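Residue numbers (the working numbering), protein chains in the order written: chain A, 1 to 306; chain B, 307 to 842; chain C, 843 to 1162.
Just so you know, these hints were derived from the structure itself, not from any lab.
Note that the structure is a prediction, hence the values are computed from the model and not measured.
List of simulated lysine-lysine pairs, DSSO-like, C-alpha gap at most 27 angstroms:
| hint | chain 1 | residue 1 | chain 2 | residue 2 |
| --- | --- | --- | --- | --- |
| 1 | C | 932 | B | 510 |
| 2 | A | 66 | B | 712 |
| 3 | A | 66 | B | 568 |
| 4 | B | 640 | B | 784 |
| 5 | C | 932 | B | 499 |
| 6 | B | 706 | A | 66 |
| 7 | B | 466 | B | 771 |
| 8 | B | 818 | B | 568 |
| 9 | C | 932 | B | 426 |
| 10 | B | 842 | B | 576 |
| 11 | B | 662 | A | 66 |
| 12 | B | 765 | B | 466 |
| 13 | B | 765 | B | 601 |
| 14 | C | 907 | B | 436 |
| 15 | B | 436 | C | 932 |
| 16 | B | 763 | B | 601 |
Listed below are several chain C residues computed to face chain A (Cβ distance under 10 angstroms; list not exhaustive):
| hint | residue |
| --- | --- |
| 17 | 998 |
| 18 | 1101 |
| 19 | 1139 |
| 20 | 1141 |
Think of the CB as a built atom: it goes at the ideal place given N, C-alpha and C, for glycine as much as any other residue.
So the chains spell out like this:
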Amino acid sequence: MTEQRVTAAPAATATALEGDTLLAQAVSGARFLAKSQPLGVIGLFIVVVLCAVALFAPWLAHYGPKITAFDTYQPPSAAHWFGTDHLGRDIFSRVVWGARLSLYVGLASVGVGVTLGWVWGLVSGYFGGWFDSVSQRLVDILMGFPPIILALALMAVLGQSVNNVVLALIVLLMPTAARTMRAAVLSIREMTYVESAQAVGCSHWRVIFVHLAPNTLGTYIVLVTVNIAYAIVVEAALSFLGLGSPPDEPSWGGMLTAATESLERAPWIAFFPGLAISLVVFGMNLLGDALRDLTDAKLRGTTGAE
Amino acid sequence: MGMRRLIAAAVVLAGMAAGVLPLGAALAQETARRGGIVGYWDYSDPARLDWMIESALSNQQATAGVYSGLLQYDPDDPEQIVPDLATGYTADADGLGFAFTLRQGVKWHDGRPFSTADVKASFDRMLDPKVKSPRCGALLKDIVAKVQYPDDQTVHFRLKFPAATFLPSIASAWCRIAAKHVLERDGDLQSAKSQIGTGPFKFKRYERGSIIEWERNPDYYDPRYPLVDGVRQYILTAPARQMAAAKTGQIDLWYPYPPMTKTQADELRKVRGDQVDIIEWPVNNVWVVFLNTTKPPFDNVDLRRAVHLALDRQELFAKIFEGVGLPCAILDVKTDGAFALPPEEVNATPGCRRPKDQDIAEARRLVARHYPQGLDMDVLAFAYSNQTARAELVVSQLRKANIRGKIRSLEYGGAYSAIGRGDFQMIGSLNTANFVKDPNGLVSQLYISKGGRNFGKWKSERFDKLADAGVREIDTAKRIQIYYEMQRMLLNEDPSGVVMLGREYGYYFRDKRLRNYHFAPVMYDNLTFMKSWLTK
Amino acid sequence: MLIYSARRLLLFFPSLLGVTIIIFGLVRMVPGDIAEILAFDAGTERGAVVDENIRRIRAELGLDKPITIQYLGWIKDGLSGNFGFSYWEKRPVAEIIRERFPRSLELAALTLVIAVVWAVPLGVISAVRQNTWADYLVRVLSISGLSLPLFLTGILILYVLVRFFAWLPPLDFRDFTDQPLENLQQLIWPALAQAIYISAPITRLTRSQMLDVIREDYVRTARAKGLSERIVVYRHAFRNALLPVVTFIGWWGGRLLGGIVIMEIIFGVPGMGTSLIAAVSHRDYPTVQAMVLLMALVFLLLNLFIDLLYGLLDPRIRYA
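Next comes chain A alone, as it looks inside the complex (with noise of 0.2 angstroms):
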């Protein structure tokens, strides 16, 4: 009971989640979004375009994203809509291919993560007790480790891939979404109709899932948007620190780190990728704080970023 705290400092003074009304908020959403929640419909609004771009990038882009056929360092024209970078690519090219990576790590992890995050939140939870003890001492161990030395170490045993970066992301993202999903059960448990189904016999897991799951679907979608943002900006930091995707894999990460060293000859190369990063991750979370100030007052502050 006592450890919601630490990630959930706000439970203090939560106040209680507003049973069903959230599904049928989500229907009805869109006219209601908009007027009180405009910066929310803008970061819908760029996660949107930017998930088209990841979907139709075969179409959009010009070349491969590791085509080195062109001149270095051309600035941005009518051949090369971003310029071309230090080794001779087409930027435009690799960021609209890097939106499919960059996106991909984010919802792989994300989806993984704080899905696994979200079930042992619910499962802890509910059954309280030493199980719940025990597994809040490993989120305890987890938590620990400062996240982007965690990330690095893992790296480093696991070996750079694309996927090892995800694999190393949901390690990170585990717990702290565990932490807060426990949080969230925590102050529905008691409530009453969780107390009937379990009166009427329902099984543990039935009333897991069916009923107190859906309940806490606000807060999920809200560690979601924001989490995704901060894979993005994490994965950038782990290439920073040359333990990123691999280096010819066109991640904005990894574009806008190769870019630092010619930032004033050309900073077109690192303002391109650079940009596409601070949308998505400023989309994201203007579509979180959305989300957040509609659903659960519990989430308010919480952040993936470190």
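Since the structure of chain A is already known, use the hints to place chains B and C on it.
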């Protein structure tokens, strides 16, 4: 065309540096001023300071001014060997020995007298087969039969055979002399407190990750030197900080590694062009791709040859070094003199000649002979941004010959342990410096079967014999022919486990207030600042 | 309260033990060890000599013993205050930490101070003027800070200093105790870059806490009593919103120790982060283990402290 002009400019500037041109002469006549602190920088933390058993440049940078050797390269003209702790030497009549006469009255920085015992302790350690002395030991172990100390002023080396590499090795920065009492007290020279030398500067302080500082040695055996009060080396690992330090005038010198790129030189010229001399200079460093010859596919000479033919060195140099440097060259006319195969011949060989189409077609044919579907392989790259970028370009070029590399980039420790275990097929890009002013330095490191950087474990009896003959031959004209033959073999027959991309050139700067500092042909050999001085 | 504290304290030790096991295992799973690296880094002379060297170094460091024995040895030494010897730097790890820990701590503290100084007021303004342009502006600004990859912020700050002010802090790092002014010149920039990044969640949390509190009864009562808005906001609402914010900042401060490594690299601060990264790449096990353990310990202790503080302030928690 632009490159030729740059080289011409470099020659002019180099001439000035050597005091040949009238302007240089005018500078030389200026009276040297005493005092001031020289600031320069170090690309990494040496952490371990024992230059007898370590090999990093940062190690030499950290300790160069603290120690003296028997001979040295003249700080006034780093091409020339001049006396240091030995006042001179005489060769034995049979050419198989050298007797060095030691300077008298020299003191260690802690006040103890310097003696033959120190020379003995140092060479005993560096020549000990159990002590892995990667620089001096590697240079001398095969040549020296024994070292004798007939009296307290003389050191006498007997050689196994007459070797042209002997004197350059003795003068090398890696064969300096440490104090017997320090070696006995500390066991090695790794820590800052063990840095007791006889050199022009005392080791003052080492703040890890920040600075290494030397101060003037008032008891230096030549009372005219050093001229400056001290030297400060800032440890600047991030490229952004290196450039920032240069642009804000916090360092007086950019040397030796990594050199500035052309872009960086241009940027600096814009900001401080009136205050610094910027020159293009050979880094005496080769850029190579390693192939593991102990396992498929590169145990097969056809595929080694295919890689050699497919790589477009001119494009590599145009993109990575912005057109500076010598594509394809194994030895360099500028640093290795007559030993280097003439550039016209090198540039006409398959793999180096232009246009590329014919060679790429041949490479594809060689690949198809063994791998009809094309070759997929693993390419190890060091996770430093400049090395990964270079490897990326190499891999991209090889695709034209149906060689599809997948980059596996590893950080420092992982990369070295993978290399040590032979767990790689290709190393996409590495640079190796020649550490002694003799072509054998490079050959003995990269190509001979027991070479320390022969990571691909290439073994050719014919080449080993040639290399051995190259060391034993005294007659320069004949020696040149031997090195020609080695280069021709590598270029035309078997590229070995090392596919040569070429010689790296780069840009250095020297603040105009720093006088009488000369860039050396071997980057380790003029880092003492003994005769340099600063104007106001 | 006593029982609660005792229980909380008891839970602290298993966590610490778990941390030690994971650190110890993880560093040994990274391929390659220091013996190999030393042997091949030096470069020349291969074969039998190298293999023998590797064996000798491993034996000297006890790396040839079973891993459980190594672990128990480490714990035993650690309990007696001996953190081992860095074979890479050739000096005791305790000495390295004594030198570097205070610098990282100072940088982390400076970062938090800078972040709090602007993030908390911005959060308050944002809450008080909810859904006005000021609120939107604050939110967009703070998220923008989060959107820039951290290393780019650092490099841009460095670039701006050089390009437009032709100035750079002194290259020779000075400790605060030695040269406070130079030290601050050197640390203020990395702290600033990191603070831009971490202020977003602080602003966000302050805002939401304020919003919650402003709606609560006693604030309404205060308003109803006719107290001026300013007094209501600052005397009543702000004070009550503060505790979670403070604990959150404290929690984050604990994680910051490891997080500032990128700033240490860019601005050349010889702190614990740079040392740790180097130690990882050299497989300098004793250094890595001691430093990560120290970081985890700081984090766990801060957690413990926060929990105990809550127990003290909020009686309900003790009985939960």
